[in-house]
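**Student:** These protein sequences, in sequence, are chains A and B.
Taking our numbering, the leading residue of the first sequence gets 45, the next gets one more, and so forth.
Taking our numbering, the leading residue of the second sequence gets 1267, the next gets one more, and so forth.
No lab work stands behind these hints, which were simulated from the structure alone.
Glycine residues also receive a C-beta, built at the ideal position from the N, C-alpha and C atoms.
Be aware that one or more of the hints could be misleading.
Claimed, not checked - Computed list of chain A residues with no C-beta within reach of chain B, every gap over 10 Å:
hint, residue
1, Glu-95
2, Gly-96
3, His-100
4, Val-254
5, Lys-327
6, Ala-336
7, Pro-392
8, Leu-512
9, Gly-618
10, Ala-655
11, Pro-677
12, Ala-713
Stated by the list, open to error - Facing chain B, according to a computed beta carbon distance under 10 Å, are these residues of chain A, among others:
hint, residue
13, Gln-98
14, Ala-222
15, Gly-224
16, Ala-280
17, Ser-282
18, Glu-482
19, Arg-484
20, Gly-485
21, Leu-486
22, Ser-536
23, Arg-539
24, Ser-544
25, Leu-545
26, Ala-547
27, Ala-549
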Amino acid sequence: MKSTSDPAPRAAVGITGIGAVSSVGLGASLLEGALDGSLDGIRAIERFSTEGFQSHLGAMVPGFDGRGDGDLALDFALLAAREALAHAHAKIDGRPGRIGLVLGASFGEPDTRLARLTERLAGALGIAGPRVTVATACTSSSNAVGLGKDMLDADAADVILAGGTDVLTPELFAGFHALGVLGARPCAPYSRDFGTTLGEGAGFVVLERVPDARRRGADVLGLVLGYGLSCDAYHATSPDPTGAGVARAIRFALSDAGVTRESVGYVNAHGTGTDANDAAEVKGIDSALGAASLPVSSSKSFLGHAQGAAGILELLVTLLALRAQKLPPTTRLEGLRRGAPADPVPAPRAHAFDVALTLNAAFAGANSAIVLGTANARLDETSGARDVPSRPVFVAGLAALAGGLTDIAAIAGRILSGERIERRAGECDVSRDLPRAEPRGLDPSTRFAATTSARALADGGVAVSGELRDRVGVIAAATACSAASCEEFRVSIERRGLASLNANAFSRLVLNAPTGAAARLLSLRGPASTLSTGRGGGLVAVAYAASLLCRGPLDVMLGLGFDEVGGGTGDPDGAEGAGALALTLARGPVRLASWVVGAPGGAGDGDGARATVDAALGPRSASEIDLVLSDGPVPFEGARVVDLGSILGDAPSACGAIACAVAAHLVRAGGLRRVLVATRGGGASAALLFESEREGARA
Amino acid sequence: MREDMMKAIARREEVVSGVRQVLIEGLGVRRAPDEIDPDAPLFGTGLGLDSVDAVELVVGLEAKFGVHFAQGYMHRRLLRTVGTLADAVIAVLDAPRGPDAA
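Let's have the full structure, built from the sequences with the hints guiding it.
**Tutor:** Dropping the structure here:
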């Protein structure tokens, strides 16, 4: 995620190591069993009681039944990550600051910051490069692989460990049970029996630019050619029944990879086994790929639905299939249901193919598609290594919410005068900005995210309707699930028991729930993602939004950050609010001149933040910067640095986004030529430069 | 009007009011109780409830009225309006051999 002044050819990104922990056991090589149809990880749950439920099955990682689930997500991740790094022979002691980590995780513990898991994992592995948590529920780990590839494209690191981890807890089991999607019998996608079986596990790939990998003599196991994200903008937990969201993700992915739909030889589907998912997904595949004879199989029939780890485990199965030139079957096929794929791969078979797709779909309407290729995929020369044109990005609109203030001039005034802003955001009424929204079930995080997004679009004169809906997306930074929804969930369990918990509140316990709700309320059907880096997350989200906008085909990308305080565990300086920028390629008065994400700040040579700031400045000297906005100390000398942390309080994800909105406002309002927004991080440092177009700053 | 009929009407009123309370307090429907028409559809274009709300509605009614709906009892027809829900609750309350007989 970095703007480049010279359009350089993107090197293809390859996979040089893999690791997995799954219901079929420890080790990625076990997944090869998928290719002879011999795997079955689904069995009765023994780690916790399932009394009172209509399903008793899980795809649990064997050997951990006697354990509490306290640190299992970290334990699974450590096992899989160490295997992947060892497999790649990636030496962490070499340049730890050039190794990054992108971790997909889904349901965090209520009231805790999801990025903490990533930081603990990075600490245990000695990874000192940029670390980002992707939290898009069941597309988390696939989105993580895509973002990891982007980070290599942007030279944010030389090696990226990307994947995901998730644990099946009693609360998750009960939540999905309340939603009525768990089958009494094992998950059998496309078969007569409806319903899914939840699972767990972890998986990782080591990603490197292929020339780097070849130079150090590493085996390239396969290529990540490209990926696509989309949002259904339909419902919190039900997929768009037309499959249009899945189709959009596939089209974005093919366009990103530069491959034709005819070159796709196999699709590893999300295939959860539920009626709603499978029927919609197959429609989406048919509409985007159109080949009636295309083999489509689901690995959930033996891996279960490993949630945040589902995408990566299924990607690994697909990678092994490409290497063996053999198709993994949908096991347990019995009595094909209506709407099943024409070729669900009932038995393993040899198959010649160079390109495969893996699909995932998630709560809050998130869809992802990843295009994998064989290491020597015979593709035309543009594939996976095409030029990325450097396209100028402009700020169309902006909005912020802090301490009950929504007037950007007022917020900017308080920040410049150093006057402390209230920690609470106050009542956030959605009816003013979203007059047609049904306010029922919108927790404070969702109100913050949706109203701020709506105002940023309105500020930019963007009316999202018609075909534009498919070309507008949103990338958000979030820190934790809504405290209000966590409390509602907890109280429902306390009062009514696990088996009768509040399914509505449960559906809001994913970090991307507010992002998905905002997308639904505003009809944003382009790419949607939610990430977390702890401090500075808002900057990373805006940078990711800018990077996706440049690759297109998109018209507007929202970069958003929000925080909500509450619950008994928050720290006293915890603050809430939101900030949003609507970015566009259409020329305007404020240009986002550069965006850089890198290793987090440190001391001395390891100071990633200084390198990040330097890269964002590019050829400009520090004296050409009028003002720096930060969320803590940043390495910058030569202009006034305003620390928003002391003014807004601790709002890890919102602060950076509010700073961007204020910076763009100060440039647009005419007074300032260049404002730099920077953070040391968190998991990653980031720096974004806002520049006035009026001053002829386009040199 | 006969006295038992009056009683039955009063009781139904009471149950209807309880159902409205579950909608407002349990599901967060932003309407005053008398703005929720007993015959207006709850799902789709009516109050805008969806399938996840249906689960919450059933659990909320069970808690409110101290009843238990046998599995499969609360099918789509009974979930149509406040009125049909009230009838379903009354039927279970009046079931001679406990709620599971309904």
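**Student:** If a hint holds in the structure, say so; if it does not, say that too.
**Tutor:** Hint check:
1. Glu-95: Holds, because the least Cβ-Cβ distance between Glu-95 of chain A and chain B comes to about 16 Å, which exceeds 10 Å.
2. Gly-96: holds (12 Å)
3. His-100: holds (16 Å)
4. Val-254: holds (45 Å)
5. Lys-327: Label holds. Min Cβ-Cβ 19 Å, cutoff 10 Å.
6. Ala-336: About 31 Å separates Ala-336 of chain A from the closest Cβ of chain B, which puts it past 10 Å; holds.
7. Pro-392: holds (36 Å)
8. Leu-512: holds (25 Å)
9. Gly-618: holds (25 Å)
10. Ala-655: holds (47 Å)
11. Pro-677: holds (43 Å)
12. Ala-713: holds (38 Å)
13. Gln-98: OK, holds: Gln-98 of chain A within 10 Å of chain B, min 8 Å.
14. Ala-222: holds (6 Å)
15. Gly-224: holds (7 Å)
16. Ala-280: holds (7 Å)
17. Ser-282: holds (7 Å)
18. Glu-482: Status holds, d = 5 Å.
19. Arg-484: holds (4 Å)
20. Gly-485: holds (6 Å)
21. Leu-486: holds (9 Å)
22. Ser-536: holds (8 Å)
23. Arg-539: At about 8 Å, which falls below the 10 Å cut-off, the nearest Cβ of chain B leaves the hint on Arg-539 of chain A intact, so it holds.
24. Ser-544: Holds. Min distance 5 Å.
25. Leu-545: holds (8 Å)
26. Ala-547: holds (5 Å)
27. Ala-549: Holds - the Cβ of Ala-549 of chain A comes within 10 Å of chain B, reaching about 9 Å at its closest.
Hint compliance for this structure: every hint is met.
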